[in-house]
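**Student:** Starting from the known structure of chain S, fit chains V and L onto it as the hints suggest.
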Amino acid sequence: MRSFLGRDILSLKDFERHDYMRIFQVGEELEPYARDRQNGELLMDKTLVTAFYQPSTRTRLSTEAAMHRLGGHVVGFSDPRMTRAGDFYQESIKDTVRMLEYYGDVIAMRHFQQGAPHEAAKWSTVPVINCGDGWGEHPTQVLIDMFTIWREMGTLDGLHFLLVGDMRMRTMHSIGYAMSKFDISATFVAPPEMSLTEEFKEELLSVNLVFDEAETTEEAIADADVIYMEPVVQADYTRSRVEVEEDRGLTPAAYRVTREMLRDRAKSDAIVLHSLPRMDELPTDVDDTRHARYWVEAYNGVVIRMALLALILGAAE
Amino acid sequence: MRSFLGRDILSLKDFERHDYMRIFQVGEELEPYARDRQNGELLMDKTLVTAFYQPSTRTRLSTEAAMHRLGGHVVGFSDPRMTRAGDFYQESIKDTVRMLEYYGDVIAMRHFQQGAPHEAAKWSTVPVINCGDGWGEHPTQVLIDMFTIWREMGTLDGLHFLLVGDMRMRTMHSIGYAMSKFDISATFVAPPEMSLTEEFKEELLSVNLVFDEAETTEEAIADADVIYMEPVVQADYTRSRVEVEEDRGLTPAAYRVTREMLRDRAKSDAIVLHSLPRMDELPTDVDDTRHARYWVEAYNGVVIRMALLALILGAAE
Amino acid sequence: MRSFLGRDILSLKDFERHDYMRIFQVGEELEPYARDRQNGELLMDKTLVTAFYQPSTRTRLSTEAAMHRLGGHVVGFSDPRMTRAGDFYQESIKDTVRMLEYYGDVIAMRHFQQGAPHEAAKWSTVPVINCGDGWGEHPTQVLIDMFTIWREMGTLDGLHFLLVGDMRMRTMHSIGYAMSKFDISATFVAPPEMSLTEEFKEELLSVNLVFDEAETTEEAIADADVIYMEPVVQADYTRSRVEVEEDRGLTPAAYRVTREMLRDRAKSDAIVLHSLPRMDELPTDVDDTRHARYWVEAYNGVVIRMALLALILGAAE
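Chains as they are written, first to last, in my numbering: chain S, 1 to 317; chain V, 1 to 317; chain L, 1 to 317.
Next up, chain S with everything else stripped away, as it sits in the complex (with noise of 0.2 Å):
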């Protein structure tokens, strides 16, 4: 079985089942830091880099809370703007690699453009974790999104999805491939323009994934054990957040999830993931139905990324 000693997360497309377990595995014998709110001493000697080059809330926070509470330390940048600011704009990959592979012993990359941190691994002589580039793959936060299914519903297997929202985003790449590793069937609803791409269709199929695609969440909601939605109205921060204000409510209902079609057409025992920030896709009186399972995965976040940490520096095996 390959080890993750010093393994590069860039893709979900490599994992393997057992890949998963592994994580998981040590997610929860290192839990009991998050649970009891302790930090310990497993990562003291190390330190983690963050280079994002988009700003960023959950992941930032939560990979740098998971390096923490297992006693490590942190530096790096969380906005480009921050730097010589368009320096890294106008600077190779490869030059602010060979830089920042000697101020800590892993690196964890957001990028604006795909396929930006595969080339910051091709340089570096320390781990890269794909913490988000542009279109391509989010691995790390699918990962928390399957640890949370499988928390919450006991296994992976034998399950069918319901993906909402906009199938171009990176998320929706990675949780592509994670669902064919596992038996799970898959309907997509998503605005025409926002659908999977025939390309990733393709990648799709090629990998024997059983999906469909529907209109609207509502014809199909009734057959979904997990309910993944992204927003179709991205956030605008050109505007203010008057105007924004104004312009909610402009998600179509066929792209957003109700109480009342919870209550009406789902599964009883249906759970609902969002990644958040979330517009009005999902209103807030979702918040205190059983189906939602999107708070936890923040605490999942810290649980799953200590486990990364911990298994890329070789503090667990």
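Quick caveat, the hints were computed from the structure, so don't treat them as lab data. Where hints are given, some of them may not hold.
Just so you know, same-sequence chains aren't split out, so a pair can sit in one copy or run between any two.
Claimed, not checked - No farther apart than 20 Å at their CA atoms in a straight line, the calculated lysine to aspartate or glutamate pairs in the EDC-like style are these:
(1) Lys122 - Asp287
(2) Lys122 - Asp288
(3) Lys181 - Asp280
(4) Lys94 - Asp280
(5) Lys201 - Asp280
(6) Lys122 - Asp285
(7) Lys267 - Asp8
Values in this document were obtained by computation on a predicted structure and should not be read as measured data.
**Tutor:** Only chains V and L this time, still in chain S's reference frame:
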């Protein structure tokens, strides 16, 4: 006596005399870490989460420095632009806090909206420290002010305060509540458009604070044991340094405290506090008079914030 | 011999040969932390304060990484916009430093204004490290350069340096002082508008540095043991990547060092240093020649900054 373990620090409204004294006492117990410049290990197993929705220097760095002095870890953001730019403005406090609560053991929040830390505390399973909320309160700043006065004057009773500046500021609200718990009387001096709101005046009267208002610092300074200042000319960050410098000197004499005024009119043991940064309301030639006590506030800031963190996180009681 | 304990590192003007050697020696003693990628506990009880008034990547991250490698803590700001935006521009260095000094045990400052770290050191009770001050100096960068040359060439005496680029840059000032302490002669190549100032030439002559000036790299490269580069085309952060890319290739041939030039004209053991990031003055096909030594500088940066921090903070002597 109410324990500080797990307690939110949102307002000084509900702080009793013994609460102040407990914090001051723990401050003095922990002070050697600051005085001897030696980080300890008291909070080594804990993580502070900083959620600063508005830029800050003193409050954020001082809180982080206190955590580090006790050996603790820090994660967070110091500017919402560093996060998924603007997401925070569009994401509810609830959604954000139900993520942040898993990243550490106490949340220190500054927010441009009054009441935001209270909303955060409603949802968080870890304690929330209000580090300034819009026009609301700034309880930790005023705990530091009161500690400074207590140490410098030897008591908090039998004193007369002269408060100068924009009375709508959050520190003015917090110190209003603080004064009312001690045998302190007050004179307020502010430009008419920045004077105490009728509502806040009612509140101060209802808790039996003895206070009056004066038109100029000069006429009121003779009775003051403590001169407590806030700027009335706010820094304007939308303009260049040169433009701002040209505008300097704009604070009307009535709201300034000068070296001459202190020499000619103030009590010989009156002390001047200012939470800084300052504009021109407090000329730099006051710095080397015996009245200046604003420098020691940065030091006391670390001492009191160590005490608060240790108390809230159960490392002191 | 003057001790480094509590010493400000503001300029290389007053650095003697034994100062360089002491730092190099402590660097080699501490190097195992970097080489073996194991954070130690030497500075566990200390906090580094970073005060970066200008964005930086290498200098800031390298200093922070060194502190973490020795188990230390870090607080600070990496961009004044993260603070009360612009306040720093309006607040005096004195006011700022008399706050920062209480937040840690050593201050690392980059500032857009020449002399700002000197002003900070005047008021601070903790030592100040100049991490680049406007057109002033960049002493730590040049300590790393000299260490790199010392390790790669085995000596700092009997060498000829070719310095190419904008001679008004702070690194050029620091390396001028550094060269004058060793048996080093120099040739400077710069565009006329970026050549050595008369004042600085006088200064170099007064300390007996033997140097001349040449018009092109090509004519001067044959004698060089060390080729030391700075860009002459500065990155322009006000423009888009595309616009900047269109402008690339603008460095005149006279100020570039190419693979062909190194093959045809340079000494076979000449080494090329560049503090990076680079524009087009140093094409990437030089990277895999035996002359390139700019990659190892990032590694040496952590080594030398560990040595400086340990010496200044009394963990080495």
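**Student:** Run every hint past the structure and note whether it holds.
**Tutor:** Right, here's what the structure says about each hint:
1. Lys122 - Asp287: Close across copies (15 Å), not inside one copy (42 Å); limit 20 Å.
2. Lys122 - Asp288: Answer is between: at 15 Å across copies they meet the 20 Å cutoff, but 45 Å inside does not.
3. Lys181 - Asp280: Neither, since 32 Å and 46 Å both go past 20 Å.
4. Lys94 - Asp280: between (40 Å within a copy, 15 Å between copies)
5. Lys201 - Asp280: neither (28 Å within a copy, 42 Å between copies)
6. Lys122 - Asp285: Result: close only across copies, 17 Å inter versus 46 Å intra.
7. Lys267 - Asp8: Neither. Shortest intra-copy (38 Å) and inter-copy (40 Å) distances fail the 20 Å Cα cut-off.
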